[in-house]
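J.: Residues per chain, in single letters:
There are 2 protein chains.
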Amino acid sequence: MEFLKVLSVKEVIELIKGFHPLGTEIVTLDMACGRILAETVRAQEPVPHFRRATMDGYAVRAKDTFGASESLPAILEVVGSVEMGKIPSFTVGPNQAGAIPTGGALPEGSDAVVMVEHTERIDESTIEVYRPVAPGEHVLSVGEDIPEGAEIFKAGRLLKPQDIGVLAALGIYELKAYRKPKVAVISTGDEIVPYTTKGPLPVGLIRDTNSLFIAGLCEEVGAEVGVKILVGDDKKRLRDACHELAENHDVVLLSGGSSVGIRDFTLEVLNELPQSRILFHGVAIKPGKPTILATSGNTYFWGLPGQPASALTVMFALVCPFLQVMQGTFPNFPYSKKTAEAVLSVRVPSVHGREDYVPVQLINSENGWMAHPVFGKSGMVSLITKADGFIIIGEHDEGLDEGSPVTVYLVR
Amino acid sequence: MEFLKVLSVKEVIELIKGFHPLGTEIVTLDMACGRILAETVRAQEPVPHFRRATMDGYAVRAKDTFGASESLPAILEVVGSVEMGKIPSFTVGPNQAGAIPTGGALPEGSDAVVMVEHTERIDESTIEVYRPVAPGEHVLSVGEDIPEGAEIFKAGRLLKPQDIGVLAALGIYELKAYRKPKVAVISTGDEIVPYTTKGPLPVGLIRDTNSLFIAGLCEEVGAEVGVKILVGDDKKRLRDACHELAENHDVVLLSGGSSVGIRDFTLEVLNELPQSRILFHGVAIKPGKPTILATSGNTYFWGLPGQPASALTVMFALVCPFLQVMQGTFPNFPYSKKTAEAVLSVRVPSVHGREDYVPVQLINSENGWMAHPVFGKSGMVSLITKADGFIIIGEHDEGLDEGSPVTVYLVR
Numbered sequence: 162m163e164f165l166k167v168l169s170v171k172e173v174i175e176l177i178k179g180f181h182p183l184g185t186e187i188v189t190l191d192m193a194c195g196r197i198l199a200e201t202v203r204a205q206e207p208v209p210h211f212r213r214a215t216m217d218g219y220a221v222r223a224k225d226t227f228g229a230s231e232s233l234p235a236i237l238e239v240v241g242s243v244e245m246g247k248i249p250s251f252t253v254g255p256n257q258a259g260a261i262p263t264g265g266a267l268p269e270g271s272d273a274v275v276m277v278e279h280t281e282r283i284d285e286s287t288i289e290v291y292r293p294v295a296p297g298e299h300v301l302s303v304g305e306d307i308p309e310g311a312e313i314f315k316a317g318r319l320l321k322p323q324d325i326g327v328l329a330a331l332g333i334y335e336l337k338a339y340r341k342p343k344v345a346v347i348s349t350g351d352e353i354v355p356y357t358t359k360g361p362l363p364v365g366l367i368r369d370t371n372s373l374f375i376a377g378l379c380e381e382v383g384a385e386v387g388v389k390i391l392v393g394d395d396k397k398r399l400r401d402a403c404h405e406l407a408e409n410h411d412v413v414l415l416s417g418g419s420s421v422g423i424r425d426f427t428l429e430v431l432n433e434l435p436q437s438r439i440l441f442h443g444v445a446i447k448p449g450k451p452t453i454l455a456t457s458g459n460t461y462f463w464g465l466p467g468q469p470a471s472a473l474t475v476m477f478a479l480v481c482p483f484l485q486v487m488q489g490t491f492p493n494f495p496y497s498k499k500t501a502e503a504v505l506s507v508r509v510p511s512v513h514g515r516e517d518y519v520p521v522q523l524i525n526s527e528n529g530w531m532a533h534p535v536f537g538k539s540g541m542v543s544l545i546t547k548a549d550g551f552i553i554i555g556e557h558d559e560g561l562d563e564g565s566p567v568t569v570y571l572v573r
Numbered sequence: 162m163e164f165l166k167v168l169s170v171k172e173v174i175e176l177i178k179g180f181h182p183l184g185t186e187i188v189t190l191d192m193a194c195g196r197i198l199a200e201t202v203r204a205q206e207p208v209p210h211f212r213r214a215t216m217d218g219y220a221v222r223a224k225d226t227f228g229a230s231e232s233l234p235a236i237l238e239v240v241g242s243v244e245m246g247k248i249p250s251f252t253v254g255p256n257q258a259g260a261i262p263t264g265g266a267l268p269e270g271s272d273a274v275v276m277v278e279h280t281e282r283i284d285e286s287t288i289e290v291y292r293p294v295a296p297g298e299h300v301l302s303v304g305e306d307i308p309e310g311a312e313i314f315k316a317g318r319l320l321k322p323q324d325i326g327v328l329a330a331l332g333i334y335e336l337k338a339y340r341k342p343k344v345a346v347i348s349t350g351d352e353i354v355p356y357t358t359k360g361p362l363p364v365g366l367i368r369d370t371n372s373l374f375i376a377g378l379c380e381e382v383g384a385e386v387g388v389k390i391l392v393g394d395d396k397k398r399l400r401d402a403c404h405e406l407a408e409n410h411d412v413v414l415l416s417g418g419s420s421v422g423i424r425d426f427t428l429e430v431l432n433e434l435p436q437s438r439i440l441f442h443g444v445a446i447k448p449g450k451p452t453i454l455a456t457s458g459n460t461y462f463w464g465l466p467g468q469p470a471s472a473l474t475v476m477f478a479l480v481c482p483f484l485q486v487m488q489g490t491f492p493n494f495p496y497s498k499k500t501a502e503a504v505l506s507v508r509v510p511s512v513h514g515r516e517d518y519v520p521v522q523l524i525n526s527e528n529g530w531m532a533h534p535v536f537g538k539s540g541m542v543s544l545i546t547k548a549d550g551f552i553i554i555g556e557h558d559e560g561l562d563e564g565s566p567v568t569v570y571l572v573r
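Residue numbers (this note's numbering), protein chains in the order written: chain C, 162 to 573; chain U, 162 to 573.
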């Protein structure tokens, strides 16, 4: 058996970018952090909706302060005091003033605030003002912060804590956001036992390594992991599990069994699912070639390699950005929160026609960051934590020379 | 009233760096992503704990293949087939071989694996081998991936999904991690109504903006937010709330009331708490000067400014890194997931003796990234979402000239 439909990484990325987001749902502001807006949001009221003082001081008519100075202060009659959160109970007439705290509502008649530092109280009802203020000074007028009807955020925005603050100010408590993908993770293989199994293990058995880091990465990019299960090398059980999980999951991630060996059932199983479509079988990526993407109904099925380092590479390169596309964003490929520029410490050979994702450690040298490849045998689990990040050798490159400038996609 | 103990940003950072983490707890692997290890972890068993094939092929004695070639293949007798997850039921003697899948346990007597691609099955019990293998080739020996007793992760490590994978492989299901700070958030002010309040609001009232973004940032850095409450400008109610929340929270964050105006009760209230210590009142930072840090018993109390842009700045500059210190890490100040290098688009004035945190937009110009300051009046809530990040003008600088290179701490 051979790989059926091998695509280049570029082709897979184009395919994924063409997928539609899953759908939308209403979320309340308390739960909206990290979600992706599915609608453009406009201000339904102005902010502020009343004229607000931005300093502690006195609300005045600006023209009454024109020409005021230390030597020739303006003398104003204090006719009231604004209470926080209340409508002022008085108006300010010519040569009058009202005490006002930061955030207080300007009384009628006033059009500016004199800072308390620029005044002196002469007696119970008189102040001296030592500096002139312009109309509107130390005042936020209605809608000056956010005009009514203004576009606040466009659809597709990833909501950060400070965005939630602005929405709170506007009284927008419910939002239309893209749905989070619901993901199921299956580890396959007769040799796999649950990661909760205490040692020493019998010869031949190993603990499930992949489902935890696959699930962790899914959650890091905003997906919800429903279940993590183990299935042995049994075609019928695997088919039943896929069938059942498709019912209430948007995405099923299988690790192991995606290659072309005698124990590799994933492709066959996916082929037999209802309305099955195999989008590709094999990606020109190293490590990670034995990767499958299929759909059955509305559910996406990824077949990932069983080797931890290969599965991790495919997660960063393709699956994490895929899960972001499902949530309505336009992600970068590969997924990485941070990059660093470095030079390569040694020559790294590669082969024309595939992209190589090479794990590297970053070493601080006198010439800046040095990227040093992490080597190890195929199948080593320790490989996945030794690297600070990875570099990509393009499909048209036959390796990179020592000293080449490289972008390191950080994974820590 | 004046600020009592104004510290420079540097002094506050030194103070915070000297704080002890909160304590430790046992977490299971399923919940360990994003947690900080509080102990150094060692391998209690080797990985693999049996000799594993890294390729599909035949387990052989390497020396039986020496000199094998296309023209002169080694001829070996196939004496068995290794089943995944099982102890091999046969041994490999001289000129013998056993079929083995990737990940299978090597049978006794064998010391290498010939890839299936380099063999041909002649009949039921005979193969030809076309290439020699060295002892150990395509085999992971016991502990070759992770030796027993090896140090896996040091205390203080932030656990990423791939780290969890390695711990799973090792059967380390329970870990000692630093406790997450439990945080309470209080918004103060008679003018504040819950963010769930529908509009139009009466004149004088505004919705609570700060508690949601403060809580969101706390959660982003790994803290747990217990409650978010509103308290009016009432000294007794504020004192009672602080007293009560101190019972089961590690950190209480108050916004508003931390300055020196007539409505600013926070300092007075914190002063009256049992075993109260005011660590500082006032930070030489703009915006954000009216910031307080106090302790009462084992609880930390931060008084944050009420202006959203000021509160946000203090969160990034001080509170988020503080919450990371509480969790046993050595964070960067200010908190920011990413930075960008840019040049300043205009001159930005500042004042000697304080650090200015200036919100900026990043603009892509032909000379690379340009940082353009976002201006707005004090108290504007829209300011907090207009910036891509902020730059810092140091306490010894009196502004930065147009064209100055700046580091932008990204907030999106």
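Bear in mind the hints are in silico, worked out from the structure with no lab data behind them.
Fair warning: there could be bad hints in the mix.
[Said to hold, decoys possible] Some residues of chain C that are not near chain U, with every Cβ distance over 12 Å (derived):
id, residue
1, Thr263
2, His404
3, Glu559
[As the list claims (entries may be wrong)] Here are the computed lysine to aspartate or glutamate pairs in the DMTMM-like style, where the Cα-Cα straight-line distance is at most 25 Å:
id, chain 1, residue 1, chain 2, residue 2
4, U, Lys359, C, Glu206
5, C, Lys359, U, Asp558
6, U, Lys547, C, Glu206
7, C, Lys498, U, Glu380
8, C, Lys337, U, Glu278
9, C, Lys538, U, Glu278
10, U, Lys450, C, Glu206
11, C, Lys498, U, Glu278
12, U, Lys538, C, Glu206
13, C, Lys321, C, Glu298
14, U, Lys321, C, Glu298
[Said to hold, decoys possible] Label pairs and their calculated CB-CB ranges:
id, chain 1, residue 1, chain 2, residue 2, range
15, U, Glu278, C, Gly317, 27 to 37 Å
16, U, Gly529, C, Gly564, 42 to 52 Å
17, C, Arg398, U, Glu175, 38 to 48 Å
18, U, Asn528, C, Lys498, 39 to 49 Å
19, U, Asn256, C, Phe536, 26 to 36 Å
20, U, Glu200, C, Gly560, 34 to 44 Å
Glycine included, each C-beta is placed from N, C-alpha and C at the ideal position.
J.: Take the hints in turn and mark each one as holding or not.
T.: To see whether the hints hold, each was checked on the structure:
{"no.": "1", "hint": "Thr263", "result": "violated (7 Å)"}
{"no.": "2", "hint": "His404", "result": "holds (24 Å)"}
{"no.": "3", "hint": "Glu559", "result": "holds (23 Å)"}
{"no.": "4", "hint": "Lys359(U) x Glu206(C)", "result": "holds (11 Å)"}
{"no.": "5", "hint": "Lys359(C) x Asp558(U)", "result": "violated (59 Å)"}
{"no.": "6", "hint": "Lys547(U) x Glu206(C)", "result": "holds (19 Å)"}
{"no.": "7", "hint": "Lys498(C) x Glu380(U)", "result": "holds (18 Å)"}
{"no.": "8", "hint": "Lys337(C) x Glu278(U)", "result": "violated (54 Å)"}
{"no.": "9", "hint": "Lys538(C) x Glu278(U)", "result": "holds (19 Å)"}
{"no.": "10", "hint": "Lys450(U) x Glu206(C)", "result": "violated (31 Å)"}
{"no.": "11", "hint": "Lys498(C) x Glu278(U)", "result": "violated (40 Å)"}
{"no.": "12", "hint": "Lys538(U) x Glu206(C)", "result": "holds (19 Å)"}
{"no.": "13", "hint": "Lys321(C) x Glu298(C)", "result": "violated (32 Å)"}
{"no.": "14", "hint": "Lys321(U) x Glu298(C)", "result": "violated (51 Å)"}
{"no.": "15", "hint": "Glu278(U) x Gly317(C): 27 to 37 Å", "result": "violated (47 Å)"}
{"no.": "16", "hint": "Gly529(U) x Gly564(C): 42 to 52 Å", "result": "violated (23 Å)"}
{"no.": "17", "hint": "Arg398(C) x Glu175(U): 38 to 48 Å", "result": "violated (60 Å)"}
{"no.": "18", "hint": "Asn528(U) x Lys498(C): 39 to 49 Å", "result": "violated (26 Å)"}
{"no.": "19", "hint": "Asn256(U) x Phe536(C): 26 to 36 Å", "result": "holds (33 Å)"}
{"no.": "20", "hint": "Glu200(U) x Gly560(C): 34 to 44 Å", "result": "holds (42 Å)"}
Of the numbered hints listed earlier, those contradicted by the structure are 1, 5, 8, 10, 11, 13, 14, 15, 16, 17 and 18.
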